[in-house]
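Engineer: Take a look at the letters that make up each chain.
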Amino acid sequence: MSLLEVEDVETYYGESHILEGVSLEVEEGEVVALVGRNGVGKTTTLRSVLQLTPPREGSVRYRDEELVGMRTHEVADRGVGWIPEDRRIFSQLTVEENVRVAVPDGVDTDEAVAFAFETFPELDSHRGRDAGTLSGGQQQMLAIARGLVGENDLLLVDEPSEGLAPQIVADVATALAEASTETTLLLVEQNLPLALDLADRFYILDNGRVVDDGDADEVSADDERLRRYLSA
Amino acid sequence: MIPADPALGVDLALPAVRAVPDLALPTLKAVPVQSGTSFFDGLGQFLQPETLVSVFVEGLAKSAIYVMIAAGLSLIFGLMGVLNFAHGTLTMIGAYLAGIVMVVLVGGATGQWGRILAFFGALVVVFVLVGGFGSLVEVGLIRRLYDRPPIAQILLTFGVALVLEEAARIVVLFYGLQPTSEWQEALGTKPAVLATRHSLGPLSIRGLALFEILLGVLTVVGIWAFLTRTRYGLFIRAGSEDAEMAQALGIDVRRVFTVVFALGAGIAGVAGAVLMWDQIWGANVPLAAETLLPAFVVVIIGGLGTFRGTVVGALIVGMVDAVTTWWFINVVTWTWLPDVAVFLILVGMLILRPQGLYGVEEVGGH
Amino acid sequence: MVVLALVAYPGFYHLLTNSPISAEAVALLPKMPTMIALLYFGLFAMSFDFISGYTGYLSFGHAAFYGTGAYFVILVANGKIPLLPPGTPFMVSLLLAGILAALLALGIGLVSFRLSGVYFAMITLGFSQVMYVFIRGWDYVASNPRDGPTVGSTHSEGFEIGVPYVDQLNLAIGSFSGEEVALFGHTLGTYTTSFYMVGFVVLVSYFALQRIVHSPFGRVMVAIRDNEERAEAVGYNTLVYKLGAFVISGFFGGIAGGLFAGYARSVTPENTFYFLTAGDALLASIIGGFGTLAGPLYGHLFDETIREFLSNAGLGGGLLPYLQQRLGEGVLGTEIFGGLTVEGLITAALNGHAALYVGIVFVLFVLYLPDGILGTLREWLGGPVSKRVPELLRGWR
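Protein chains in written order, with the numbering used here: chain C, 1 to 232; chain F, 1001 to 1366; chain B, 2001 to 2397.
The set of hints was computed from the structure by calculation and includes no laboratory data.
One or more hints might be untrue.
[Stated by the list, open to error] Stretch by stretch, here's where chain F covers chain C in the computed footprint (C-beta under 8 angstroms, at least three residues):
no.: 1; stretch: 92-99
no.: 2; stretch: 160-167
no.: 3; stretch: 178-184
[Unchecked claim] Cβ-to-Cβ under 7 angstroms is the rule here; a few derived chain C residues that face chain F:
no.: 4; residue: Met70
no.: 5; residue: Thr72
no.: 6; residue: Pro104
no.: 7; residue: Gly106
Every residue, glycine too, gets a C-beta built ideally from N, C-alpha and C.
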């Protein structure tokens, strides 16, 4: 049984048919990359797993439990975390509060916070400041820290490198690589070298469908298949 | 509330006109001045320390009231994006409930401290009852409209306000009270220390004003502590900023909505309880409209959805109200001065900075 | 269809009230004065729907236009407006009232349309409330501004609707000042005359609004309601359209207020500028149907009928006298519990409290029938009633 099984999912935004039958699988411990051009439905796929944009058809099974029909917080409670595009940290809360709010009920909050700041020492020096004052890279770290303290066995990561300078991207990559040792990642990323570097496997999404997949170490960034579907 | 056709006689459903403008008049007369005094004489009078201090105190008292009325509205809108038109009616219900408690508990012989104690008891009762009622409204009615455009919720709360107000009118009439005049018996339960003015040196200050300031401060501190020091407060602040992200972190935002609505309703009810004792407002049905409009103004000036903004907004509106009312009583005879001044600030704010002093661009969400 | 129903109404009413079911008729059917109020307030509600229902911008301050129109007409008649003598024909002052209201709308709109949704509703509310408070204290308008102005001796004759300055083509309105007309051997009383004349103006206005709604301009309005961003992206200057719609709605709101003043001859701040006036228009629109022009008229009809039905005895209330006639004092006097009689219950909980029940209906409509009576009917039939019903009837042949 895979950790996550997405089968023939069809999702709409209003009347727009975004996902026209997406199927993929993620095994526990893997890093799976979801690649494709802008607008093909990568973010929507993640949202469909989280039930933020519930699928109209198809099924999403996590640890063999059907997620479609659940409320988002119930999905999150089961250990599915989200590191969205634009990070979406709470700018009006302090850095520390951002971490605190992500700690699930029943878990020792102080311990979790301490762990987060150990893993991301750079955030520690800002812990009392409003999160809105952080730089893009720092916010990304914070978003990842949130994902980690949330006791998530599956992290859905959306375009972590977007809008960040190359040096920062490297730091983010390191952080994600670290994260992957503790949890499973489903990674949406336009930066191909980064994606292939981190991932074990990849799926290519085009026009709301999975059109190809493969092992990440068997291909390079200018593989013909990738070029066909990803060139803008 | 139809345009009264003279051939039909006066429609009793019209809310009666109050004898004072919508924003309350303070019983300010620190230094009596003739009406029709020239502007400069008036200015001179105004700038004397005794006048300034008493206007300041009255302004604080008004600010305290406005904070209590508006805090719930702001919290609810900040988190849920719902403009609660029924907020004023909740305050009105709180006033009557508190009145009932007080009239029942307090006899002619009850001492001052007994009365004050009873009042705090009434506050608790009102908070629980009105808050509980608020949660019912949220679960039963408002929740059904989450998927609809925000206009639908405004309309719904408007309808609820209408129904509640008329229902209150029915009950009040049934027990022989006039819905449009202050509940005198309830007013009579005030202890002497609050019903009179006290002299502090050359000043004469209403005891009730000080009490209102005290309660206002307690409310602000209480809400602030709740929002910043408790886990639930953290959820509320996070949800107010980005409800979707909060959901994805495992927070049951819907339940938080219910709690916040109940909390907001409870605070509104408590505000009403305080107003029950204040002669200028009193427990009566028009209290609903009289508190709703200033609440809107406060919340917009301060910024919908920020608690800090509500406090600052209340201070501004309270002070402007007190100052302009002094001028209206003592110098010029424009009865509309306090209301127009406040509304001008509102309009100015909406023109220059629509999100208010501390507001954020996008508020609320489901 | 609406037109025919309204035209026939006075005759209909007269017939039924003098027939065997007269008691029921008197109880249930609205009286003529109510119907007249229905007309001018219905126009107001229509103007409200024109902006709020079709563009999606809730104009909570719409009472400002109604009040402006009403006060202007009376002030002209009292000689208080410079350049306009008290003898100015009503049609002229009515038109000017509408224009004044339209200008007001322009001003308010320029400021308010920079905001959207909730903020727009609240700022327009703010404007109308400021005007309310102001006019309540301004002693130029009336000897006691709290009570509002009344048409005084400068204009003791009724306001006339018709062609200005041509005596034969004018008929005066008003419950006491109106004219009686002899037609086909029947004498039409003052109420009936007023009803038809006011109705005439309302009808013309309705048709005007209809034309606009069905024109390209109207389509842009609806596009703005459905997705303003997209409308802008397509290239429309939405501000111009919004302002235009608002100005038009203000114009007709002012006309409605002017009609009210012309008929009633006295107004108060409460029944014109107070925000609940717009609230009543909102009630009518939701129950009748937002975004349909005739809907608010039906919604207001419903509202008024219930109110009159449940209003206190002596004010035209239908329920209690009817029950008194049919059931007799005996039944009414029966005690239910604790000293409360049936009559007592009706007096306490029903009479004069129509607002409660209308409010409940309103809430139910918001929850379950957001398109209102007419809107839901239209959806059900698949198109505007006046088109679809004939089609369906033809289909049955």
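Engineer: All the hints need checking, so say for each whether the structure fits it.
Structural biologist: Right, here's what the structure says about each hint:
1. 92-99: Our answer is that it holds, as 3 residues pass the Cβ test (under 8 angstroms) against chain F, meeting three.
2. 160-167: violated (count 0)
3. 178-184: Since three or more residues must qualify, the claim that chain F covers the stretch 178-184 of chain C is violated, with 0 doing so at under 8 angstroms.
4. Met70: 11 angstroms, violated
5. Thr72: It holds, given that the least Cβ distance between C:Thr72 and chain F is near 4 angstroms, below 7 angstroms.
6. Pro104: Holds, because the Cβ-Cβ distance from C:Pro104 to chain F comes to roughly 6 angstroms (cut-off 7 angstroms).
7. Gly106: 11 angstroms, violated
Hint compliance for this structure: hints 2, 3, 4, 7 are broken, all remaining hints hold.
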